[in-house]
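K.L.:
Chains as they are written, first to last, in UniProt numbering: chain A, 1 to 124; chain B, 1 to 391.
A couple of the hints might just be wrong.
Using C-beta positions, here's what the derived DEER-type ranges look like [what the hints assert, rightly or not]:
#: 1; chain 1: B; residue 1: T28; chain 2: A; residue 2: R37; range: 36 to 42 Å
#: 2; chain 1: B; residue 1: Q356; chain 2: A; residue 2: A111; range: 37 to 43 Å
#: 3; chain 1: A; residue 1: A18; chain 2: B; residue 2: M66; range: 25 to 31 Å
#: 4; chain 1: A; residue 1: D83; chain 2: B; residue 2: V127; range: 43 to 49 Å
#: 5; chain 1: B; residue 1: K306; chain 2: A; residue 2: V95; range: 47 to 53 Å
#: 6; chain 1: A; residue 1: L71; chain 2: B; residue 2: G316; range: 22 to 28 Å
#: 7; chain 1: B; residue 1: T28; chain 2: A; residue 2: L39; range: 53 to 59 Å
#: 8; chain 1: A; residue 1: R109; chain 2: B; residue 2: R123; range: 20 to 26 Å
#: 9; chain 1: A; residue 1: A96; chain 2: B; residue 2: G163; range: 20 to 26 Å
#: 10; chain 1: B; residue 1: K131; chain 2: A; residue 2: P41; range: 22 to 28 Å
Don't read these hints as lab results, they were simulated from the structure.
By construction, the Cβ of each residue, glycine as well, lies at the ideal position given by its N, Cα and C atoms.
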Amino acid sequence: MSEMQSGVQQAWQARLDAGEFVIQRCGGCQQHVFYPRGLCPHCGADQLAFVTPAGSGTVYATTVVRRKAELGGDYNVVLVDLDEGVRLMSRVEGVAPDAVAIGLRVQARVAREQDRGLLLFDPL
Amino acid sequence: MTDLNSLRGQVAIAGAATFGCGVVPGYTDMELLVGAAQRAVADAGLTMQDIDGLCTASVTATMWPMVVVEHLGIRPTFIDGTMLGGSSFIAHLLPAMQALMSGQCNAVLVCYGSAQRSATFNRRDIVASRKLLDPQPYEHPYEPMLPPSAYALAANRHMHEFGTERRQLAEVAVAARQWAQRNPTAFERGPLSIDDVLNARMVSDPLTVRDCCLVTDGGGAYVLVRGDRARDLRQPPVYVLGNATACWNRQISSMADLTVTAAQESGARAFAMAGLTPADVDVVELYDAFTINTLLFLEDLGFCAKGEGGAFVEGGAIAPGGRLPVNTNGGGLSWGHPGMYGIFALIEAVEQLRGQCGERQVSGAQVALAHGNGGTLSSQSTAILGTAATL
Ligand SMILES: [Zn+2]
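Just need the whole structure built from these sequences, with the hints factored in.
P.N.:
Here is the structure:
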């Protein structure tokens, strides 16, 4: 992490804006960490480094946020467990919002929304 | 060093009151707080000049204790402004007890007010401004409807792991309504069936608008003094037998297991301090921001096994006449929900133990549990309260 020229949140977002999805791995306890931070929440070590995950994961929980059609219609919000063992919030696209279910295997993809990188998932 | 267990029953709630609950256009948060504070202090037979300890918190104002000190004209020697969301005013109990027993102060006012329903700066504005003032950069881009979507995710997971059904969630809302129908101060008292809940407008699956708490205005306050002093005051003392607070995360995406809350820890510690078990509790007041909360807290506090909350509430089991009286004022689902509900759960527990609840009174109630929840299943605080007979 010594090469970082900014805080870890900005560094993570900059990579996402460039189309690259990374998570952290702890040099102390070897566990993966998400969201990015300065100290490992498992062991307290300050040796967290960005690594590229496989991007594959499993839906842990899902909900459909109901929204009026004229405002864009319904969309889903999911919690995904990456195969590296970290959980994050995202959205599954390429399938009806209410067709997303716990256990669905998904693959990460970096999209662009409002000129920023945005991590989304598609069914595998 | 003072053993926490030695604090059991040493401090009592001597006064409690609500003010402006429901819809009260034209009031500010502070005015609702002051109305409740004045009534709680008078309920104890004290005056505001007797108050030398203050606990308070606000959803919007980060320096709120200073504003309250100034407004009330008090000079407290103990101040706790810990903000843990809706559990705050139950979490304030233990620090206040320690301050009272150390002699740091002699009468603590715990107080809260919210005009969220009627204020021009309403709940929607608060949610929007929080994105700037309290950003969650790894959740907000996905636009979860917070807080409902966080609880919806927990409900979805609970249904998946334990086979919990939407009808069982609806039982919670129907039981709350049946209690509210016995409480003249409740905001929603009309008929409500399980089908009404299931067929209501879906907000964030699997939660309909009837699985979600109300949005109302209101103020609440209570006064704590040492037990020996409480015996000489106006009201029957309600003793604090145990209190504990636990927080494991802030964001729903950082919660290790969506079906297990930190109430497991706060409940175990509070019961240990009280020297009691769930079987000793006569009346239960849980922060039911959403129907899933009641199931999670019944499980995590030990009233039933993990995963059995849905079956536990079936057949009106927590409604009037059921096996366990839960949320006897009607709860956040039907009594009212002025933003941070925890203090109102505690006040209902106090009134039950005083035997002042009229048609909804749980006969012979000696031990009550009040449980607060904050954030999105983030912070949990449990209080065990008892009458003089429990000392
Ligand atoms: Zn580590």
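K.L.:
All hints, please: hold or fail.
P.N.:
Here's how the hints hold up against the structure:
Against the hinted window of 36 to 42 Å, the Cβ-Cβ separation of T28 of chain B and R37 of chain A comes to about 38 Å, which satisfies the hint. The hinted window of 37 to 43 Å between Q356 of chain B and A111 of chain A is violated, with their beta carbons roughly 58 Å apart. As the Cβ distance of A18 of chain A to M66 of chain B is approximately 45 Å, the hint placing it in 25 to 31 Å is violated. With their beta carbons about 33 Å apart, D83 of chain A and V127 of chain B fall outside the hinted range of 43 to 49 Å.
Distance hint for K306 of chain B and V95 of chain A: a CB-CB separation of about 31 Å, inconsistent with the stated range 47 to 53 Å. The supplied range of 22 to 28 Å is broken by L71 of chain A and G316 of chain B, whose beta-carbon atoms lie about 39 Å from each other. At roughly 41 Å, the beta-carbon separation of T28 of chain B and L39 of chain A lies outside the given 53 to 59 Å, and the hint is violated. Range check, R109 of chain A to R123 of chain B: about 34 Å between beta-carbon atoms, so the 20 to 26 Å window is missed.
For A96 of chain A and G163 of chain B, the Cβ-Cβ distance of about 24 Å falls inside the hinted range of 20 to 26 Å, so the restraint holds. With their beta carbons about 24 Å apart, K131 of chain B and P41 of chain A fall inside the hinted range of 22 to 28 Å.
Of the numbered hints given earlier, the model fails hints 2, 3, 4, 5, 6, 7 and 8; all others are met.
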